[in-house]
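Engineer: What follows is each chain in one-letter form.
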Amino acid sequence: MSTIGEITTTRGRHQTQTEDARYTPKSKLRKYLPLYLSVAPFFIVFLCFNLIPTLFSLYLAFQKWDGIEPMHFIGFNNFEYALTDSVFWQSVLNTFEIWIMSTIPMLFFALIIAFLLNQRKKSKFLFQVCYFLPYITSIVAITLIFGSLFAPQYGLINLTLQAAHIPGVQWLSAAWPMKWAIAILVIWRWTGYNALIYTAGLQSIPGEFYEAARVDGANTMNIFTSITLPLLRPVILFTVITSTIGGMTLFVEPQILFSTNGSTNGGGVGHAGLTMQLYQYWQAFTQDRYGYGAAVSWIMFFIILIFTFINWNVIMRNNDQ
Amino acid sequence: MFQRGTRIQRIIVDVLLVVGLLISIFPFYWMIVMSTNKTGDIYSVPPKLIIGNQLWINISHVLQSISFFQSFFNTLIIACSVTILVLFFCSIAGFTFAKFDFPGKNVLFVFLIGTIIIPPASSLVAIFVIMADLHLIGTYLPEIIPNMVPAFGIFWMRQYALSSIPTELIDAAKMDGCGHLRLYWNVALPALRPALGFLAITTFVFVWNDYLWPLIVFNTPNLYTLQVSLAQLNGVYNTDYSMVMAGTFMATIPLIIIFFIGARQFIANLSAGALKF
Chain R
1 MSTIGEITTT RGRHQTQTED ARYTPKSKLR KYLPLYLSVA PFFIVFLCFN
51 LIPTLFSLYL AFQKWDGIEP MHFIGFNNFE YALTDSVFWQ SVLNTFEIWI
101 MSTIPMLFFA LIIAFLLNQR KKSKFLFQVC YFLPYITSIV AITLIFGSLF
151 APQYGLINLT LQAAHIPGVQ WLSAAWPMKW AIAILVIWRW TGYNALIYTA
201 GLQSIPGEFY EAARVDGANT MNIFTSITLP LLRPVILFTV ITSTIGGMTL
251 FVEPQILFST NGSTNGGGVG HAGLTMQLYQ YWQAFTQDRY GYGAAVSWIM
301 FFIILIFTFI NWNVIMRNND Q
Chain F
1 MFQRGTRIQR IIVDVLLVVG LLISIFPFYW MIVMSTNKTG DIYSVPPKLI
51 IGNQLWINIS HVLQSISFFQ SFFNTLIIAC SVTILVLFFC SIAGFTFAKF
101 DFPGKNVLFV FLIGTIIIPP ASSLVAIFVI MADLHLIGTY LPEIIPNMVP
151 AFGIFWMRQY ALSSIPTELI DAAKMDGCGH LRLYWNVALP ALRPALGFLA
201 ITTFVFVWND YLWPLIVFNT PNLYTLQVSL AQLNGVYNTD YSMVMAGTFM
251 ATIPLIIIFF IGARQFIANL SAGALKF
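Residue numbers (this note's numbering), protein chains in the order written: chain R, 1 to 321; chain F, 1 to 277.
Hints are computed from structural coordinates only; laboratory data are not their basis. Note that the structure is predicted; figures quoted are calculated from it, not measured. Heads up, some of the hints might be wrong.
Unchecked claim - For each label pair, taking beta carbons as the anchor points, the in silico distance ranges come out as: (1) F:I118 <-> R:P167: 21 to 27 Å; (2) R:L37 <-> F:I50: 56 to 62 Å; (3) R:P70 <-> F:I257: 47 to 53 Å.
Backbone N, C-alpha and C fix where the C-beta goes; we use that ideal spot for every residue, glycine too.
Full structure from sequences and hints, please.
Structural biologist: Here is the structure:
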């Protein structure tokens, strides 16, 4: 890689051409090799651990395989099974329900926090650090902490509710509270991260826009809806896309929150906390249905792709205004 | 940005922000309370809400239940190797994409961006089988190799290199007969340092906290990473929550320290990164 050869810089092309004349005997290979070697690692790793596995999982999706016996071809059976399995559809529905229950409040709170932070004249640093702390902590750690807060009998949340004469909630065993438990976890972990991104977006909006609106007699609410929101749209798109991919592949929270005696389960009582990713893991790695797991991952891929595409269109639709 | 509000408005803003801040840090406080008390004292009416003196006892229970130091060591080795590799591969590739021309460059770069936007379709099973065929199961490599050169890191480095490395400097170094690797080492690396710091923290945090993939590939206890071990703590029947929290506390502290060291730069960079998207 340390070949001492001519290197073409983007802007200094004419200069290099004169050098080319001096070094004509050297081949083009010699000239470009260090450059190709510099960018090659990504493409090699992508090929080996992304592209080849993708093709291999397409092949696997048409096989029945438990990892021990030889594979045998079963056509579209795996796909047919998944698409007619009510538990799979329940996991899809759960994933979307939890996504809506977490993403909407999360982005709403994030926007408010960013708006408030931007109003503050004095130092924001302490707030930014503390709001960001949940993001750098592992989901496993956070889930364990919340698991104790959500505990049915002596969990702090239920004790607080009881102190206020409100009946406790079965956070870890009743269908909707289970989903809320996961959603609350996600909201808590990601609100600060998104707020920080929105803060950056807000700071990039020129102050004259606001002043002009003030002169025209707009109030804070008008300004927020007709200046802040439209100009933040690309940043909102970024946060929605990130939380779509994150939310669609939600795994750790339900896996740990609803595990019974350490064994992986189908997402707790009545599969109420079963997400698509947990379904795939559960079927493939604890039921040893590897071919089926591959088929599920392909179905998941298309669901996520379509959903990302829809989000993109909804948010960017009125961009020309 | 807005007209400065009245004194009361400013107080309301501050109060709301402080409430948010308390919600953000309360679970951490609760983790410390639990890990410094006995489970029995926490799980009682009324519960103990202040920091106690049982931390060492809880930690000793953690050490009896899982091989904490082995997991800690595994995680540290993996996180450090991945971070170093990511810094090298992403910065040299980003620098090359930003500052040089070669046939096929644009196609390669668009392809790279595409891999960031499109979700992966490969199943965990397929990657696992390939890892097994390469005889990598039983080593740290299944976690290190796939993470060592992320597309986002290259994109991030390229964006930074475009604006921070003067082309004249490259030309001058080239006139002195500087090869590509020396050019990278002497000219690019010093200029890229601020962006490298951010990439290092994000990578380290990501690998330290990764759970699903290590759970699948590290299937013997001597390879368990911290997160996998922590999840095991929770598994035993009749969980001793104070012990679980002590383990969580021990596994989280290194990251919090790293974050506080680099927080100012990290936050500035994160904001900049989102706007470049």
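Engineer: Each of the hints needs a verdict: does it hold here or not?
Structural biologist: Here is how each hint holds up against the structure:
1. Taking 21 to 27 Å as the suggested C-beta distance range, the pair I118 of chain F and P167 of chain R does not conform, at roughly 47 Å.
2. At roughly 59 Å, the beta-carbon separation of L37 of chain R and I50 of chain F lies within the given 56 to 62 Å, and the hint holds.
3. P70 of chain R and I257 of chain F have their C-beta atoms about 51 Å apart, which keeps the hinted 47 to 53 Å range intact.
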